[in-house]
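Trainee: Taken in sequence, the protein lines are chains V and P. Sequential numbering of the first sequence, starting at 2, is according to the numbering used here. Sequential numbering of the second sequence, starting at 424, is according to the numbering used here.
Be a bit skeptical, because a hint or two may be false.
Derived DSS-like pairs (lysine-lysine); straight-line CA-CA distance at most 27 Å [to be verified]:
{"#": "1", "chain 1": "P", "residue 1": "Lys-549", "chain 2": "V", "residue 2": "Lys-451"}
{"#": "2", "chain 1": "V", "residue 1": "Lys-102", "chain 2": "P", "residue 2": "Lys-812"}
{"#": "3", "chain 1": "P", "residue 1": "Lys-812", "chain 2": "P", "residue 2": "Lys-667"}
Footprint (simulated), chain V over chain P, 3 or more residues, beta carbon under 8 Å [what the hints assert, rightly or not]:
{"#": "4", "stretch": "592–604"}
{"#": "5", "stretch": "689–703"}
Since the hints were derived computationally from the structure, they do not count as laboratory data. Glycine included, every Cβ here is placed at the ideal spot set by N, Cα and C.
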Amino acid sequence: MATTIEQPEKIKAEPQLLGLLAEFDDPHALIEASKKVRDAGYSKWDTHTPFPLHGIDEAMGIKWTILPWIVACCGLMGGTIAVGMQYWMNAVDYPFIISGKPLFSIPASIPITFELSVLLSAFGAFLGMLGLNQLPKLYNPMFKSQAFRRVTNDRFFISMDATDPKFSEIDTGEFLKSLNPLHVEDFWSDVESPKLPRSLVLGLSLVGVLLIMPPALVAYKRSTTTNTPRIHIVPDMDFQPKLKTQNTTSIFADGREVRPHIEGTIPRGQYKDDNIPFYYGLKVLPEDQDVITIAVQDEQKPADEKAADAKPADPAAAAAEVDKLAKLPWVTEFPMPVTDKMMARGKERYRIYCSVCHGLGGEGDGLVSLRAMELQQGTWVRPASYHTENVRKLPVGRLFHTISNGVRKMPGYAAQIPPEDRWAIVLYLRALQKSHQIDAKDLRKEEVEKLRTTK
Amino acid sequence: MQTSPDTDNKIPVQTLAELGPLPMKVALGCSVLLPVAFVLGMIFTNGWDLFAFSYLQSTFFCLSISLGALFFVMIQQLTRAGWSVVLRRLSEFISMGVIPLSVLVLPIVILTLMGNDTLYQWANTKTVADDHLLHAKSPYLNTGFFALRYLIYFGSWIFLARYFLNKSVAQDATGDPELTLLMERRSGPALLLYAFTLSFAAIDFLMSLDAHWFSTIFGIYYFAAGLVGFFSFLAISLVYLRSKNLLKGPVNVEHLHDVGKLLFAFNCFWAYIAISQYLLIWYANIPEETSFFLPRQEQGWGVVSLTLVIGHFAIPFVFFMSRWMKRNPAALCFWAVYLLIMNWIDIFWLVMPNIAFDGVKSAVTFQMILINVCCTIGVGGIFVAGILKFAGEKSLMPVRDPRLEESLKFHNI
Numbered sequence: 002m003a004t005t006i007e008q009p010e011k012i013k014a015e016p017q018l019l020g021l022l023a024e025f026d027d028p029h030a031l032i033e034a035s036k037k038v039r040d041a042g043y044s045k046w047d048t049h050t051p052f053p054l055h056g057i058d059e060a061m062g063i064k065w066t067i068l069p070w071i072v073a074c075c076g077l078m079g080g081t082i083a084v085g086m087q088y089w090m091n092a093v094d095y096p097f098i099i100s101g102k103p104l105f106s107i108p109a110s111i112p113i114t115f116e117l118s119v120l121l122s123a124f125g126a127f128l129g130m131l132g133l134n135q136l137p138k139l140y141n142p143m144f145k146s147q148a149f150r151r152v153t154n155d156r157f158f159i160s161m162d163a164t165d166p167k168f169s170e171i172d173t174g175e176f177l178k179s180l181n182p183l184h185v186e187d188f189w190s191d192v193e194s195p196k197l198p199r200s201l202v203l204g205l206s207l208v209g210v211l212l213i214m215p216p217a218l219v220a221y222k223r224s225t226t227t228n229t230p231r232i233h234i235v236p237d238m239d240f241q242p243k244l245k246t247q248n249t250t251s252i253f254a255d256g257r258e259v260r261p262h263i264e265g266t267i268p269r270g271q272y273k274d275d276n277i278p279f280y281y282g283l284k285v286l287p288e289d290q291d292v293i294t295i296a297v298q299d300e301q302k303p304a305d306e307k308a309a310d311a312k313p314a315d316p317a318a319a320a321a322e323v324d325k326l327a328k329l330p331w332v333t334e335f336p337m338p339v340t341d342k343m344m345a346r347g348k349e350r351y352r353i354y355c356s357v358c359h360g361l362g363g364e365g366d367g368l369v370s371l372r373a374m375e376l377q378q379g380t381w382v383r384p385a386s387y388h389t390e391n392v393r394k395l396p397v398g399r400l401f402h403t404i405s406n407g408v409r410k411m412p413g414y415a416a417q418i419p420p421e422d423r424w425a426i427v428l429y430l431r432a433l434q435k436s437h438q439i440d441a442k443d444l445r446k447e448e449v450e451k452l453r454t455t456k
Numbered sequence: 424m425q426t427s428p429d430t431d432n433k434i435p436v437q438t439l440a441e442l443g444p445l446p447m448k449v450a451l452g453c454s455v456l457l458p459v460a461f462v463l464g465m466i467f468t469n470g471w472d473l474f475a476f477s478y479l480q481s482t483f484f485c486l487s488i489s490l491g492a493l494f495f496v497m498i499q500q501l502t503r504a505g506w507s508v509v510l511r512r513l514s515e516f517i518s519m520g521v522i523p524l525s526v527l528v529l530p531i532v533i534l535t536l537m538g539n540d541t542l543y544q545w546a547n548t549k550t551v552a553d554d555h556l557l558h559a560k561s562p563y564l565n566t567g568f569f570a571l572r573y574l575i576y577f578g579s580w581i582f583l584a585r586y587f588l589n590k591s592v593a594q595d596a597t598g599d600p601e602l603t604l605l606m607e608r609r610s611g612p613a614l615l616l617y618a619f620t621l622s623f624a625a626i627d628f629l630m631s632l633d634a635h636w637f638s639t640i641f642g643i644y645y646f647a648a649g650l651v652g653f654f655s656f657l658a659i660s661l662v663y664l665r666s667k668n669l670l671k672g673p674v675n676v677e678h679l680h681d682v683g684k685l686l687f688a689f690n691c692f693w694a695y696i697a698i699s700q701y702l703l704i705w706y707a708n709i710p711e712e713t714s715f716f717l718p719r720q721e722q723g724w725g726v727v728s729l730t731l732v733i734g735h736f737a738i739p740f741v742f743f744m745s746r747w748m749k750r751n752p753a754a755l756c757f758w759a760v761y762l763l764i765m766n767w768i769d770i771f772w773l774v775m776p777n778i779a780f781d782g783v784k785s786a787v788t789f790q791m792i793l794i795n796v797c798c799t800i801g802v803g804g805i806f807v808a809g810i811l812k813f814a815g816e817k818s819l820m821p822v823r824d825p826r827l828e829e830s831l832k833f834h835n836i
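Using the sequences and the accompanying hints, generate a full structural model.
Mentor: Here's what the structure looks like:
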């Protein structure tokens, strides 16, 4: 056996004495013993019990934990992060006024601050507790002691750590014996790691291989190409046997999925020729049907666009469109009965759809407009006031057309507002215009009085 | 249920009478300040309004303490709590404070019934007729119904306080555990009655001072304020009684610790309720809702509001959280006194900003504070004297309660 001598220091590390273990069978004895160990001046030692013992902290002279300070620091950190984050997001990075509130204010920040403080406090408490207790710790050399196994059942232990400056094997052993334990034993560092059971190694390897497989598959699939369709785990009615727009098909000769109107037919709900004034604001349909849907496009160029880039045809085209529209046979009377109900409806709809830009009084001072002006948005065209001579002279049909198809920056609202409501808005608009034109002499006395006292 | 036949052998019966006549004399002496406040009210300009509001503030400050005690007694019975048995009798005594307070509140009700609108603008029929909103609320807010509800509220509270005290005292004589079971069964419905009467009383007497305003959380706000007041009062009483060698053995530092914990917890609860009420109103920004907070930010009231935010919540939250603060009787007593004062400021802040002279809301003035402090000490004297009177020769501890043993051995982990 000469070969064994060749690598002695690698195989056989000297086992180190790690400490002594004293066993008790009574919690009171443990507490009494703990008091004596505490008074003897040892600093690195511990007690092990199957259940929490009242008074063991005092008996061991354990200082109060610093965990509250960790929790407090984490909580304060959470609060600071929350306030800072909300300040940055709301007041600096994306300032956006919501219902007239200040960009940053303490009351609005309180719920988030509270939540984040609590969250980080909880993290601090949980992780701090684990850290202070040096957990998770799966193995302790004391576990090798046969007697120590009963620590989870009915035995109580004091362990003395050999790294304690007061520790000496003989004196400390004698001292422990003087505490009247059942017996005292020593525990040593491990010379070699205990072998894992074969079945556990096998099982863990298997789990490891299984864990690697999904990411490996994903990596493989991401780095290669394939002709087969991707795997669709939850179909969610994503695939339906129907024809859609913008696709091709072999069913029809022209290959289009979306079909053109069949000549000589009208789609359901689209027949409007029986009431042209109501649907178009025109007395009769003109020859050139395209004018029905045109809108006067922007005549103003954005400030940053160079004059050379501007298409010279644009202003001319806009002017031509204005001309075309001006010549159309607009209706000048409402094509539906004018009632109080219609006026109320018009007011309501106006306030919903129009007032944000045009303002409640129709002077072009809506909130959106004001804000755009304040931010000096280059592309913004301030909506025209209704109370100019030009707008006042426009026939109702023309106003209706403008709401339907838009003008300049204003988009057409035909899709959002049904024709009845568009007429109602026109009616309210007329009322607004009239309200700015009225002569004080035409008012009744009470009305003048009321206007005077209204602030 | 644990019963201990030899419990009554070990526990000496102590009563508040052992304190001698001094506390009663001091309490009655303090009550002299109530007429003083009244006279001051006669001297100062607008002093009658100041006195009326101060009187309401003082009575409802004391009432909040008694109602907190009543809640504590009932919730301890309902949850079959063992730890609190040694404190329960003292709480029952404090809850009996509703009886002197019912008498003290009576003048407010009678004056309102006579149509005096110093406190409640809805008591004036002319104001109600001119005011659309008050008119709409008049089926509820009218003097007759108000007086009827006063009877219901105080009747319920007096009944509950007397019921739980009498059953508990009866057990001292017989030691019958059936009485404990009976109180457990009754405390559930009793708490329901309590919840409704307290919420509506807070609405009637305090919230309707500004009858245009309403907050659905107001009842809970007053409840939270009351519990802070009660636990402060309880902690002060316990520390005082222990210093006079009463309850010194049974009530140890573990019980004080728990009272401190509850005081701290309900202080946080108060802050939570207060911010909940504020935040919604702040967010919605509806004129009829902000009318509560706006006057409380102007004319010196902003300082009071900030005092509440910082003094009632932030400072106790930081410094009163520590374990040793609750386990050290002197420190606990300091915080209890501090929070009782903060609770007083809280009720002051609820009531006093409603004073308006000729439609102009009043600023915080020295006269106002002077009258209010005198008035509170006066009413507080009567309140404490009433409690001492009702405590009389009754034992200071439920000496034959079946859970007494558990309470005596109580230990915080």
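Trainee: Please name the hints from earlier in the document that this structure breaks, with their numbers sorted from lowest to highest.
Mentor: Hints 2, 4 are the ones this structure does not satisfy, whereas the remaining hints hold.
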